[in-house]
Amino acid sequence: MTNNGYRLIHTVEDLRYYLIQGMKIEHATIPPYLTALYSLKPGTNLEAFHIIRAVVVEEMLHLTLAANVFNAVGGDINGVLTDPEFIPEYPAHLPTGSVDFKVNIEKFSPNTVETFLNIERSKEVDKDAPLVLPRPELNPWLRILGLEETYTFYSIGLFYAEVIRGLQELHQEMGDDLFCGDPNKQITPEYYYDGAGEIVPVYDFQSAIRALRVIQEQGEGSRQQTIYDAERELCHYYRFQQLELGQYYSIDKNNPLNSDSPDHPTGKTFIVDWDAVYPVKTNAKLSDYPEGSELYDAAKEFQQQYYAFLGMIQASFNGSPQALIPAVGGMFKLKESAERLIRNPIPDMEGVNAAPIYRWNKEQK
Amino acid sequence: MDIDTPDLMEYFLNFSAAVTGFSRFDLLGTGQASLYFSTIEGIIGGEIFRELLQTFHELYVRANSENDASILTEGITDEILMSGKLGPIASNIIKLWYSATWYQLPDPWREKFGARQNDTSFVVSPYAYPEGLLWQAIGVNPPGAKAPGYASWQYPPSVRLTSPKN
Chain A
1 MTNNGYRLIH TVEDLRYYLI QGMKIEHATI PPYLTALYSL KPGTNLEAFH
51 IIRAVVVEEM LHLTLAANVF NAVGGDINGV LTDPEFIPEY PAHLPTGSVD
101 FKVNIEKFSP NTVETFLNIE RSKEVDKDAP LVLPRPELNP WLRILGLEET
151 YTFYSIGLFY AEVIRGLQEL HQEMGDDLFC GDPNKQITPE YYYDGAGEIV
201 PVYDFQSAIR ALRVIQEQGE GSRQQTIYDA ERELCHYYRF QQLELGQYYS
251 IDKNNPLNSD SPDHPTGKTF IVDWDAVYPV KTNAKLSDYP EGSELYDAAK
301 EFQQQYYAFL GMIQASFNGS PQALIPAVGG MFKLKESAER LIRNPIPDME
351 GVNAAPIYRW NKEQK
Chain B
1 MDIDTPDLME YFLNFSAAVT GFSRFDLLGT GQASLYFSTI EGIIGGEIFR
51 ELLQTFHELY VRANSENDAS ILTEGITDEI LMSGKLGPIA SNIIKLWYSA
101 TWYQLPDPWR EKFGARQNDT SFVVSPYAYP EGLLWQAIGV NPPGAKAPGY
151 ASWQYPPSVR LTSPKN
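So the sequences go chain by chain: A and B. Take the first sequence: its letters are residues 1 to 365, numbered as in our numbering. Take the second sequence: its letters are residues 1 to 166, numbered as in our numbering.
If you're looking for bench data, these hints aren't it; they were derived computationally from the structure. Quantities reported herein were computed from a predicted structural model and do not represent experimental measurements. Heads up, some of the hints might be wrong.
To be verified - Distance condition first, Cα-Cα at most 27 Å in a straight line; then the derived BS3-like pairs of lysine-lysine: (1) K146/B with K300/A; (2) K41/A with K333/A; (3) K95/B with K146/B; (4) K41/A with K95/B; (5) K112/B with K85/B; (6) K95/B with K112/B; (7) K253/A with K41/A; (8) K95/B with K335/A; (9) K285/A with K41/A; (10) K333/A with K300/A; (11) K253/A with K268/A; (12) K300/A with K253/A; (13) K285/A with K268/A; (14) K102/A with K285/A; (15) K41/A with K112/B; (16) K85/B with K333/A; (17) K285/A with K333/A; (18) K102/A with K335/A; (19) K112/B with K333/A; (20) K253/A with K102/A; (21) K85/B with K335/A.
To be verified - Beyond 10 Å from chain A on every Cβ pair, some chain B residues (computed): (22) L28; (23) E51; (24) S70; (25) T77; (26) K112; (27) D119.
Heads up, the beta-carbon is just placed ideally off N, CA and C, and yes, glycines get one too.
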């Protein structure tokens, strides 16, 4: 193997660890995207609404795809999504290890879009080059299985490139024994409403690679110098960039090479109304709300429901795929609860509105 | 006279909470409060809207200072709902919150107090419709909006006959 020297994934354990990180990365984008989405005042900024909404729905697909790969290689998903640390404490670095930007839970704004662009950024790395940024020589005796600061993937795409490399090499070493997971734990299309690209059940090497490539490409495109993914849909980075530029990209689906080039959209222009947004408190905590207020109770209820929701998703990934359908139904109720919070001013705080709280606090009863 | 002051918005929210049975949190949660406020003002005019809100606010202040809720409930009935002038507007505000629809004021009111140019029946906005309190009150999603999810039709309705808090 040409890249053996750079390899980070040596064992199935390593691979499973990386896939857990992958699920954390996918999920970590959801609270910030949803909060910005629901901060838009009803009936305004329809372009932003549709753009963010479409991306967040694909992140949910990515979480499911990562879980499918994890289950296929025999991972035990029980306790993964319900781990209180599954949701980072915002402001947070992405679990890719990138430390040059932090992600907040905040209202829709030019800064927020900038962060979203950072989340979805991409970089091409040669086939035989390392995928992490240059890092100090590691003492192999000190190498612990964990996401150290020295492992900083520039982008989510590079993180998955590492996973794909690891998967390829482990498959060469172990053959199909790598895919020792229970096939009944796969989420198949009959349980996943096909609105955000294809759900790929993973049973073997080919399907595992296919699932991981969907995640990679929906985020950052199929290759450098193009704006679209393998399904000829605009990738996330350029979808968000439209909000910065106030203009849509145009993709020629019949001949994608005729599509706009990066940074130069030619589609319809639109005006983003940065003021038609609720002034949501950044990285709100339960303690920001007066105890005993209706707001406090509603925020606490949301937090509990979100935790329960993750538990239902986890159960559906753990051999009860039919549980995914009511879980998704519950998600729509969460949306309404989140919107209610965001539209309410925090008592005694001038001009600041509430926000949903996603992270479960261990100390809380 | 500037009707668009924060105080009147406060009065409006308190009044709406008193007559709809929903809390201020629920009302603000619909995201429609300012739209409804400006809609009502635009139809009936600032003067009469202010009279309604001032009447309510005086009752509200008195009920609070004397710590007697009946001042408010009886006052709303006697001085607002029974009033030939304010009653039909108050009813319209209740209907507006519940159905996102402004209903044309009744003919006797229009004859007595003057027909307003914009006083026709209409749905205030496409985004207000799914936020009508009616849907929350009966525990179903508004038809055609707030879909409860793919294949959720296979589950029994989520209608509750009692409040979840009881």
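So, going through the hints one by one against the coordinates:
1. Taken as a hint, the K146/B and K300/A pair is honoured in the structure, with Cα atoms around 23 Å apart against an allowance of 27 Å.
2. Restraint check for K41/A and K333/A: the C-alpha separation of about 18 Å stays at or below 27 Å, so the hint holds.
3. Of the pairs offered as hints, the one joining K95/B and K146/B holds, with about 21 Å between alpha carbons and a cut-off of 27 Å not exceeded.
4. Note on K41/A and K95/B: the hinted pairing holds, with a Cα-Cα distance of about 23 Å set against a maximum of 27 Å.
5. Between the alpha carbons of K112/B and K85/B the distance comes to roughly 9 Å, so the proposed pair stays at or under 27 Å and holds.
6. The hinted pair formed by K95/B and K112/B meets the criterion: a straight-line CA distance of about 22 Å does not exceed 27 Å.
7. For the hint pairing K253/A with K41/A, the CA-to-CA distance comes to about 33 Å; that exceeds 27 Å, so the pair is violated.
8. For the hint linking K95/B to K335/A, the alpha-carbon distance of about 25 Å falls within 27 Å, and the restraint holds.
9. The suggested pairing of K285/A with K41/A holds, with an alpha-carbon distance near 22 Å, which does not exceed 27 Å.
10. Between the alpha carbons of K333/A and K300/A the distance comes to roughly 15 Å, so the proposed pair stays at or under 27 Å and holds.
11. Restraint check for K253/A and K268/A: the C-alpha separation of about 17 Å stays at or below 27 Å, so the hint holds.
12. The straight-line distance between the Cα atoms of K300/A and K253/A is roughly 46 Å, outside the 27 Å bound, and the hint therefore fails.
13. Between K285/A and K268/A the CA atoms are separated by roughly 39 Å; this puts the pair beyond 27 Å, and the hint is violated.
14. Note on K102/A and K285/A: the hinted pairing holds, with a Cα-Cα distance of about 17 Å set against a maximum of 27 Å.
15. Restraint check for K41/A and K112/B: not satisfied, since their Cα atoms lie roughly 38 Å apart, outside the 27 Å limit.
16. About 40 Å separates the Cα atoms of K85/B and K333/A, which puts this hinted pair outside 27 Å; it is violated.
17. Restraint check: the Cα-Cα separation between K285/A and K333/A comes to about 21 Å, which is no more than 27 Å; the hinted pair holds.
18. Taken as a hint, the K102/A and K335/A pair is honoured in the structure, with Cα atoms around 24 Å apart against an allowance of 27 Å.
19. The straight-line distance between the Cα atoms of K112/B and K333/A is roughly 46 Å, outside the 27 Å bound, and the hint therefore fails.
20. Pair hint K253/A plus K102/A does not hold up; C-alpha atoms about 35 Å apart against a cutoff of 27 Å.
21. With a C-alpha separation of about 40 Å, the suggested pair K85/B and K335/A falls outside the 27 Å cut-off, and the hint is violated.
22. With a closest Cβ-Cβ approach of about 5 Å to chain A, L28/B is found to fall inside the 10 Å limit, against its non-interface label.
23. A cut-off of 10 Å between C-beta atoms confirms that E51/B is not in contact with chain A; the least separation is 27 Å.
24. Every CB of chain A is more than 10 Å from the CB of S70/B (nearest about 23 Å), matching its label as outside the interface.
25. Look at T77/B: its CB is around 26 Å from the nearest CB on chain A, clear of 10 Å, so calling it non-interface holds up.
26. No Cβ of chain A comes within 10 Å of the Cβ of K112/B; the nearest lies about 35 Å off, and the non-interface call holds.
27. Its beta-carbon lying about 23 Å from the closest one in chain A, D119/B satisfies the requirement of being farther than 10 Å from that chain.
Hint check: violations occur at hints 7, 12, 13, 15, 16, 19, 20, 21 and 22; the rest are consistent with the structure.
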